[in-house]
Amino acid sequence: MTYAPAPAPTAEPAPQTHPTLTLPAPFATSPDPPSLLTQGAEAIIYKISFLTPSTSCALKYRPPKPYRHPTLDKRLTKARLLAEARVLVKCRREGVRVPAVLAADWEAGWVGLEWVEGGTVRGVLDGWVHREEKEGAEGEGGKEKEMLDLMMRVGRAVGRMHEIGVCHGDLTTSNLMLRPFKKGKAKREEKDSTRDTVAPTQSSREAVRAQLAAGKGTVSAERETAMTAESTAPAPAPVTQDTQEGREKEDTAGSPTLAGDIVLIDFGLATQSSHDEDRAVDLYVLERAFAATHPAAEPLFREVLRCYGESYKGARVVLKRLEEVRMRGRKRSMLG
Amino acid sequence: MASVQTFYLPHFPSNPIYIALFKDVSNASFLRQQLLDANTEFDYAFLDATMILSSTHLLAALFRTLNDSLHNRLKSRTIHSEIVFSLSPNNNIAEAFRRFGISATTNSLIAVKISMSPPSPSNPLSIESVQSHLTRVVQGTQMVFSDETLLGLTDLERLRKVYKLDSGKVGGGGAGKKGRNGKEESVVNGMNGFEDEVDGRLEMESVILGIMALKGS
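Chains as they are written, first to last, in this note's numbering: chain A, 1 to 336; chain B, 337 to 553.
I should point out that these hints are in silico values taken from the structure, not numbers from a laboratory. In this text the structure is predicted, and so the values were computed from the model without any measurement. From the three backbone atoms N, C-alpha and C, an ideal C-beta is built for every residue, glycine too. Check the hints yourself; a few may be wrong.
If we take Cβ atoms under 7 Å as the criterion, some of the chain B residues that face chain A in the derived model are [said to hold, decoys possible]:
hint, residue
1, Ala338
2, Pro346
3, Leu406
Straight-line alpha carbon distances no greater than 25 Å define the calculated SDA-like cross-link-like pairs of lysine to any residue that follow [unchecked claim]:
hint, chain 1, residue 1, chain 2, residue 2
4, B, Lys411, A, Trp106
5, A, Lys182, B, Glu533
6, A, Lys74, B, Asp404
7, B, Lys411, A, Leu82
8, B, Lys551, A, Arg75
9, B, Lys500, A, Ala25
10, B, Lys551, A, Ala25
11, B, Lys500, A, Leu72
12, A, Lys74, B, Asn408
13, B, Lys551, A, Val129
14, A, Lys47, B, Leu550
15, B, Lys411, A, Ala83
16, B, Lys500, B, Thr386
Next up, chain B with everything else stripped away, as it sits in the complex:
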């Protein structure tokens, strides 16, 4: 079974980031309620996995969160709520939670926890503690957090809408929308579908990263 994964962003070596991905989550409303009640045991960023395009997408949001936290300019209450806010294209915190956070109907869930200090025997936060707590409270199937898994989960249409990507020529994707190469749709035996989808996603990702980076300017 897949387990919690630890990530380190370059330039933030003392902030291990624990990420777990769950499918078929059945107690989303319970988890959401814990956040609303500000239950300190549930100090996570719970994200709707269908709104995460790729690992880069999430890591970019984490980078912005850690950088803003380093400069002491978080806009929301905790570092974990700031992750949800960082994903949003605008400055409305409530809207950010509605779009990217966990809802009562969330099926696929990404749980993120940032540690503010490196792992050590004295640090109560560790990959084991996060894993055991999540296993206890989340009812669902744990998956590997990877681009591969996200490929099957992302709601491209909704992402495109939320980031307002319809106007341009961004992101062909698998939906058959006209991508950057839309004009010369010369499908060679229909075999480059997969590559076109990967290309479309990468293109979309680039624009989304830019939108996230410039948020609040």
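Here chain A stands alone, though its shape is the one from the complex:
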């Protein structure tokens, strides 16, 4: 039997979400149309299904730039895409929370990244500032404590990344995601909060108990339903159930919960560097992002820096360097 190069799948063309742009094969002709999520200067992000109909994936596509020479364009796209993917895999290897690389095609210019649930830290901060303004100075202390706890996690996450020799290059609050714990991962929340000397909440304990009673991890059960043979039709049942329950939880709490893992995203400008200068600039950029939200966010950033300083050996030196960077700005002066 010989295998001729596969013809493009013959299914009817999908409705284009972006009329002027065609995605590379096989996504261009997929009956499962990608939905456009966001567009930057270099790349476009789509949400697609990947490997199973019920698994989501963020497709980061770098379209060719028509104003560049084709050869140069290919080389730049490839180099940038691979630099980003390699940094992500390195982070994953070392246990830093970033989206996993699921697939990549550097000739076609796309990389498939693990889908991260939840919202950005920027959204959380905006919501917090909004509430703060409404409630005035006498805001409840509980929320305050939760916010500081969140800042602690941000500081640690950035610290871990710097510790393994990665600098983000564009560390803004929009590139920090707060991923709520999965039902099956409730125990991690408990572990984390015990370590943080904050008493575990009753609800998280109950979740753990329910999880243990159920016997098996929801994750594997869910995947199994997703991968049952002959599954041409999507099996969205467990997913919708999940989100619904998540929403219910939020409703009862009155405001979105601040529990969750900090996941760093968008490593398009990341470098593998362990220079104090690059690390300090990362922190400086993050500081500006906090300041841009609201002056009231400043004490929060102080907490980020405090926890960053304790997160790894060498962090103190970076904080010293940060003071220098603050004086002159992000760019190093070339005078004198």
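Go by the hints and put chain B onto chain A.
For chain B alone, kept in the frame of chain A given last:
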């Protein structure tokens, strides 16, 4: 008895993938010889099931194979040998077969067959034809291909070695190695062992997928 299962990867609707899993295989050397002789009837990817971490692991390799085939850049001779190659962390085809392919001592076997066209009356390849042929030639117990079954088969130590996962903090697993949470090993009544193992495997899977995706770059 379990039978061959059909999978469709999203975005490849015209390529049904037939997967079968066998335990206690006694004629592995015969099957391997058929591959070496390039017997056209044995156009399968025969994989050592102990080297497959999860269904996602295999599906990711299949995705890469189909995508490379679509762009006409297969590195090996057939699409089925390419599946074995896709699993490998490096560009050495012979090594890929030694590590992930069937060997004379293989006990647990995964047979994969990709069809290049959708099922139709005129297509000789169908789930029935694959099942009947495999039943005839493989001596072993057929199992359901699922994460559950693989959980009991995978050789985590060997996988960790082949993908060089020792340096980092990847994959706690059940082997009691320090995982991501290794520092705070506060086992609550020893009841979260199962969940820790699932977590460790998922973490390992994420890294392996990245390594496979970047192979050849």
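Now for the hints, and whether the structure bears them out:
no.	hint	in the structure
1	Ala338	violated (10 Å)
2	Pro346	holds (4 Å)
3	Leu406	holds (5 Å)
4	B:Lys411 - A:Trp106	holds (16 Å)
5	A:Lys182 - B:Glu533	holds (16 Å)
6	A:Lys74 - B:Asp404	holds (18 Å)
7	B:Lys411 - A:Leu82	holds (20 Å)
8	B:Lys551 - A:Arg75	holds (18 Å)
9	B:Lys500 - A:Ala25	violated (32 Å)
10	B:Lys551 - A:Ala25	holds (20 Å)
11	B:Lys500 - A:Leu72	violated (34 Å)
12	A:Lys74 - B:Asn408	holds (18 Å)
13	B:Lys551 - A:Val129	violated (45 Å)
14	A:Lys47 - B:Leu550	holds (21 Å)
15	B:Lys411 - A:Ala83	holds (23 Å)
16	B:Lys500 - B:Thr386	holds (17 Å)
Hint compliance for this structure: hints 1, 9, 11 and 13 are not met, and every other hint is.
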